[in-house]
Every structure is written in C-alpha cells, then in structure tokens.
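Residue numbers (my numbering), protein chains in the order written: chain F, 497 to 643; chain W, 3 to 305.
Possibly wrong hints are sitting among the right ones.
[Unchecked claim] Calculated lysine-lysine pairs in the BS3-like style (CA-CA distance at most 30 Å, straight line): (1) W:K192 / W:K109; (2) W:K178 / W:K68; (3) F:K605 / W:K187; (4) W:K90 / W:K133; (5) W:K93 / W:K133; (6) W:K187 / W:K68; (7) W:K192 / F:K570; (8) F:K605 / W:K192; (9) F:K605 / W:K178; (10) W:K187 / F:K570.
[Unchecked claim] On the chain W side, residues computed to face chain F include the following (Cβ under 10 Å): (11) L88; (12) K90; (13) K187; (14) A191; (15) L193; (16) P194.
It should be emphasised that the hints constitute simulated quantities derived from the structure, not laboratory data. Model, not experiment: these values are computed from the prediction. Even glycine gets a Cβ: it sits at the ideal position worked out from N, Cα and C.
Residue-level listing of the chains:
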Amino acid sequence: MTGSPLLRLALVLAGIVLLAIPALRLTSRATPERSAVSPTEKNTASVREVRFTFLSPTPPAEITVEAHGAQVAKLRPDATLATADVALTLPTAGIDLIIRANWTGDPEKINPLRVQASLDGNPLTDTTLWGDSRMEDVITLPGSHNP
Amino acid sequence: MKFAFTFLMLASLALAHADNKLPVASLSSVLTEIAQEVGGDKVNVTGVVQAGMDPHDFSPTTGDVKVISKARVVLLSGYGMEAAYLTKLEKSVGPGPEFVAIGPYIKPLLIEPRGHDDHGHSHSHGHGEEKMPDPHWWHSIQNVQIATDAVRDAFIAADPANKAAYVANAAAYNRKLTALAQWAKLEIAKLPRDRRALVTSHDAFGYFARDYGFKVYPISGISTEDQPSSKNVRAIISEIKKEGVKAVFLENIENPKVLTEITRETGAKTGGVLYADGLGTGAASTYEGMFRHNVTAVVSALQ
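The following block holds chain W by itself, in its conformation from the complex:
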C-alpha cells in the first residue's frame, strides 16, 4: 500500500514536471532539431512536418491542428513555405500559440518566379518582375545559426524563467555549426571553382550556391510542385554540354524521371541523392548529417 502510494506520488510529480515543459510545434524538420537543441529538457517539441516529408505540399490534418493549438510556440520556415495553409491554420488554432517564422530574420536570396526564368540557370538580371525570397534558408549554415538565435529568443519570450538554459544551449549548438561550416569550407575547397555547377530537380540550393561559389541549374522552380518546362530542360541540357558538367543530382523526395533523361542526353552521371527540403533518414536525420551528406555527394561527384 505504502509502495503504491509512493509510486503514485512520483508518477504525478513526473507528470507535473512534464507539463511544465514549454510545448513547441515545428513545421520544419530542421527547426524541430534546432528547437530540441536549444530547448533541451525545458521544452516538449512536436515535429508536425517530419523528416522525409515534402514541406511544399504539406497540409495539416485535424490531428496536427490539435497539436499546434496546444503549443505555445509554433516554428515555421517562412518566406512562403507554409503559405498554402498558414492563414487558415492561424485562424483555426486561435490566439494561443505564438507563430515564429524564421524567414524574416534572414537576409533573403531573391529569385525570379519559375515560368519567367525559363532559360537555364537561376540568376537575377533585372527583367522587372517581382522576385520572391527563396525559403530554403537552411542550406546556409550561417542562416541556421541565425535561426538558432531566433528560436532561443522565442523560447526566452515564452519562458523567461529558463533563459540561462536556452542561452547556453543555443551557444553550444552554434559552436557545433561553426565547426561544421569550417569542415564544409575545407571540403569544398578541394573542388575546382570551375566545376562548381549544381544541376538539381528544384531550385532549393540557392543559399548553398551563394556560400560556396556554385552555379545552380534547377530543372523546376522553388517548389517541388512546379513542373519543369521542356524549354527549360532543353536549355539545361545545352548548358550541361557547354560547361562540361560532370554530374546531376537527384533529391530524396523527387521524381527522378527528368533528371534521368538529362543524364542520358548529356552523358553526365547521376551524382547521388541530395536532401533539399529538410532532414532525411539514417545518417542524414540530423542537420549535421544532412549537410555532410550533401557536401560529400557534391564534391565527390564533381571532382
């Protein structure tokens, strides 16, 4: 009897402790990791958009809405990644949770909407059309460090009592990211600058290209839902031949049909699978693992 009473007391204490954790929901697998790293044991993070899911065509279920409505902080990528459902979601969960979009904290890479940019490579050259911010900011480690600070500040605002833990955890995670950035810089230095051409399924690697001096040739636009135009595919085939690009890359959540066709036409090899829209599985299930995988695949295929 005494044992059962003690057990019940301990169980209720544990539950009470669990309830004290800051409830967080994340609409990005990268942000889920950042939230767990920054929050540590002070937060309870639910990854609504999980690793391997395509955030471009994600739509929350009623179960997801329930989870999000119980959160005090909801993390999202921003810059249009959640545009298809965000307004409805905010209305349905009501005023409780604080939605924190990372996009506005990051200097955007502006790209021209697909449809206009139908002539091969992704660049800006002033056609007077409205450009849009690239939402794939996590392909720059520096941006992830900015996101880490933004998550830290959001947690401090929601739970000031644990400020010291959030500050210390964010600093530790940022140190890991600095070491990762140093590794990536040294790895990519092995690749001659005139071989830095990235042919991918959709336009997700703009920030990576900017940081490491690559030229990007996306088959489709910034969303996986964009359809490649035959004109664009022809232009890319021509560029691959002209530039002598050695490899093209598949993406973990993409249909590889068009890229396979391009390899047949150009003789370029398939450089492996890149993680474009968030974390993957296995070794790529962490941000560091995902980034290391992408850098290693790119450097070894293009060398």
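So here's chain F without its partners, still in its complex pose:
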C-alpha cells in the first residue's frame, strides 16, 4: 500500500463507519412508534368567521363565549338583540362552546337566551338556553364547512 498513512487511516475509518451504520440499524432496539400527530392537527380544521346572534327579552349584563377553555367573545348587550362575529377554528368533528350570561335584577327570574350561530348565512345552530341571574350552558357547532 502506498500513500499517506493518515489518508489510509481515514479511508479505513470511513469504511468501518459505513459498514457499521446498517449493522447498528439492524441490531438496535426499535423505538416504539409514537403518535406525533394530534387528532386536531390531523383532521382538517379551518378558521372561519361565525356570526352569533343573542336574543333575550331582558338584555343580559354580559355574555361570554368560551371555546376549549379560552374566551373567544364578550358582549355587553344594550338591546334585546346582540350580534358578534367570532373567528373560530371549526374542526371536522365539531366544536362545543360554553355560553355564559348574567342578568341584573330579580335573581329568582328565569331568563331565556336564544343563541343562533351561522356561517356565511347558513345556520349552524339555533337553541334557547335558560338561566336565572347567572346562566352557563353548552352549545355544539357541527363540523367545519370548507370554503
């Protein structure tokens, strides 16, 4: 063999490394396959502007809308009808929203709150919730409507 001993050593080492890679792959313990993709990421979800309409004979002092622990809308209606356009991620599986409202005045009085939600003019839900001075309930919007 001729040439620099250093070059020869480097070539031998490179050969060993190249041979070792497949051998290591074959003999090493397989790592359990983990699900890195969350269902939320996996399912198509789009951010859309949902129009909410709230109707109550006695305007609530405050209405809030909460999605998965985060408040997405807060209103202080001054009339029996109030609207809000809310940007929401609509997963294919649908979404549950917590609606909270409170009324001042007679704490014994039972108040209705009609909640309508629509997307591009198409109704998603239309439901009436009931509560006394403080109401909290859940509405479900169906899965996303791709634009």
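With chain F's structure known, arrange chain W on it following the hints.
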C-alpha cells in the same frame, strides 16, 4: 328499677321502629345509594354487592341469600348483569321479596357480543347477529334519574304509607343529579370533540360515550370475565396510533397488564383509573364522587 324499666321500654320501642322500616337488598353499589337516598329513614338497605366488588363475577353466599330472603324489595341492575345466578337466587329465596330490575326501565344501548366484534372499536354496523343490552346504564346520569324514579315507585308499591317521603326524597336526589349533569356537560365541553376517544379495559362506558360524544375502544367485551383477543388488541393499537389517542384508562377492578402493554406500544399515556362497575372508595364512594372522578380523569388526560 324505674330507670331500667324505662330504658327497656325505650329500647323495645326503638326496635319496633327499626322493624317498621322497609327491608331492601341491593345487588349494585349504585342502586344501594339510590335506595338510601330515596328511602331515607323509612328503609333499611343492605348492599349485597358492595363498592369495589366486581358485579360480573359476583356469586351470592348463603349469608347473602339469607339477607335477600328477608328483604321485601331486591334491587338489581338487570340487562344480564346478574344472569349467572339470578334464577337460582329467586328460587332459593322463594316468593317473598319483590325483585326489581332497573334495565327494563332504561332504553338499552345494544352492543354486539365480543368475539364477533374483534376489529377495534365498539359500534353497530349490522352483521345480523343478536345484539345484547349494555348493563352499565349508570354511566349516563339521565339513566340514573330514571332508576331513581323506578326505585321510588318500587318503594311506594311495597310501602304506600310512606309515599310522600319517597316522592320528596327522589325529587331531591334527582335535582342533585341534574346539577351533576350540568357540571359534567361543562367539563367535557373543554375537551375538543376530536380528542374524545376512550380506551378502557372492558366495554363499560358505552352510555357515557353516547351522552358526551366519545368513541370507545374496549379491550374486552362487556364483562370483566371476557378475555381480550390478540387480534382485538392489535386493532386497538393500530387505531390509537391512527387517531393519535393521548391516553388509555385503567379500571379499579381490572388487571392492567394488557393496557400497560398498549401504552408501551403506542406511546399513549395512562390516564388514571376509572370506576367502571359501580362505586369506588374514598371520594368515589358516592355516585356523584364516582362520576366526577371519571369525568375529571378523562378530561385532564385527553386534553
């Protein structure tokens, strides 16, 4: 002497009063609580199947038969939960007690028997085989309210003199259940609908899944005595990976071996212990405590 006489008189009066209570036996820990709530001080309830016991493999002892034969009302879950021993029990206690099964009062969730349903999730898709009613009706609060009314009516039939108390007590208990249902609805709303997947040891959470929009992946069938098939376990592992399920749940009276293996294979974490077959101990020793425990464990593990 006078004191002793008075004491004896009071003691005999107290005994006579105790004897006036409607004797009730219960073959379900959930029904024991309902009976105590509805009956209040008008009934004397003996829980034969107690909290933490597996009702699927329960078999009454001679002592249990003695207790049941003295009861005027015997409460049972129905829908096959007591099928292994019920006929023999009814024959051995004779015509005295009135057996009241809750199952027939409840709209059943029909499921396919395990063995056929060997491809992962629990669902119905018309293979033409005879389906069976899921006996775990107490995982729906609405069903427990129906059971409360059924127990109330059974007590009124056996003891009409105390009708007013039974009606009032049942109404009060149902109000507590309504508040619990409202709490559960708000808690579960925090969990995105596409994360609502419940991997459990046996098929006990069908009614819960129906009420709150979960998909159920039971390892075994509706009984804890059903053995998981390797084919089913493989199918569930595949579904967990595909759906990205974050957690699987152990049960308080189950062997966790297979579920532990599944967590190792999939990387899903163990979401804690769920109470599947009745009430538990400590905070889960009441129906409300048990339900709150299950909801909290599911929501926090899958979020």
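To see whether the hints hold, each was checked on the structure:
Note on K192 of chain W and K109 of chain W: the hinted pairing holds, with a Cα-Cα distance of about 28 Å set against a maximum of 30 Å. Between K178 of chain W and K68 of chain W, the direct Cα distance comes to roughly 34 Å. Violation of the 30 Å bound is thereby established for this hinted pair. Using a Cα cut-off of 30 Å, the hinted pair K605 of chain F and K187 of chain W holds, with the two alpha carbons roughly 23 Å apart. Taking the CA atoms of K90 of chain W and K133 of chain W, the gap is near 25 Å; set against the 30 Å cutoff, the hint holds.
Pair hint K93 of chain W plus K133 of chain W holds up; C-alpha atoms about 28 Å apart against a cutoff of 30 Å. For the suggested pair K187 of chain W and K68 of chain W, the alpha carbons sit about 42 Å apart, so the restraint of at most 30 Å is broken. For a cut-off of 30 Å, the pair hint linking K192 of chain W to K570 of chain F stands: about 18 Å separates their Cα positions. With a C-alpha separation of about 28 Å, the suggested pair K605 of chain F and K192 of chain W falls inside the 30 Å cut-off, and the hint holds.
For the given pair, K605 of chain F sits about 21 Å from K178 of chain W by alpha-carbon distance, which is consistent with the 30 Å threshold. A C-alpha spacing of about 21 Å is found between K187 of chain W and K570 of chain F, which places the hinted pair at or below 30 Å, so the restraint holds. Residue-level restraint check for L88 of chain W is violated (minimum Cβ-Cβ distance to chain F is 39 Å; threshold 10 Å). The interface hint given for K90 of chain W is broken, as the beta carbon of that residue sits about 46 Å from the closest beta carbon of chain F, more than 10 Å.
Satisfaction of the interface hint for K187 of chain W is found here, the shortest Cβ-Cβ separation to chain F being roughly 5 Å, below the 10 Å cut-off. Checking A191 of chain W against chain F by beta carbon gives a least distance of about 4 Å; that is within 10 Å, so the hint holds. At a threshold of 10 Å, the smallest CB-CB gap from L193 of chain W to chain F is about 8 Å, leaving the interface hint in force. With 10 Å as the threshold, the beta carbon of P194 of chain W comes within range of chain F, its nearest partner Cβ sitting at about 6 Å, so the hint holds.
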